[in-house]
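In our numbering, the protein residues as written are 1361 to 1451.
Among the hints, a few may not be true.
[As the list claims (entries may be wrong)] Here are the simulated distance ranges between beta carbons:
#1 G1362 <-> E1413: 15 to 23 Å
#2 E1391 <-> T1365: 17 to 25 Å
#3 G1362 <-> G1414: 29 to 37 Å
#4 C1371 <-> E1425: 17 to 25 Å
Keep in mind the hints are simulated off the structure, nothing from the lab.
Model, not experiment: these values are computed from the prediction.
Every residue, glycine too, gets a C-beta built ideally from N, C-alpha and C.
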Amino acid sequence: NGYATEAALACRDYGFQQLGFSEIFALARPENKASRNVLEKTGLRYMESFSMEGEQITSYRLTLEEWASLSKDGIDNNIIPDKDLIGLSQK
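Start from the sequences and build out the full structure, keeping to the hints where you can.
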């Protein structure tokens, strides 16, 4: 258990450290709670929901500055969760 989160953390860090990304974007279906949880655990923040090719999509983002403020385990201890994000996570 937790393999998806470990893989996502490794990809996130590789993107910023080795590839020089200034930000990382991710998309997930609103009903895919497991994927959204992985994105949130790795520090990505909910941006918006939109329709793409007839399907609802949620988008997430993490900037280099936000990534730099994360603790070693990928959890940002300085951020108070947004109420909308909490509501989305519970759906």
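Kindly indicate which numbered hints from before are broken by the structure, ordering the numbers from low to high.
-> When the structure is compared with the hints, only number 1 turns out to be violated.
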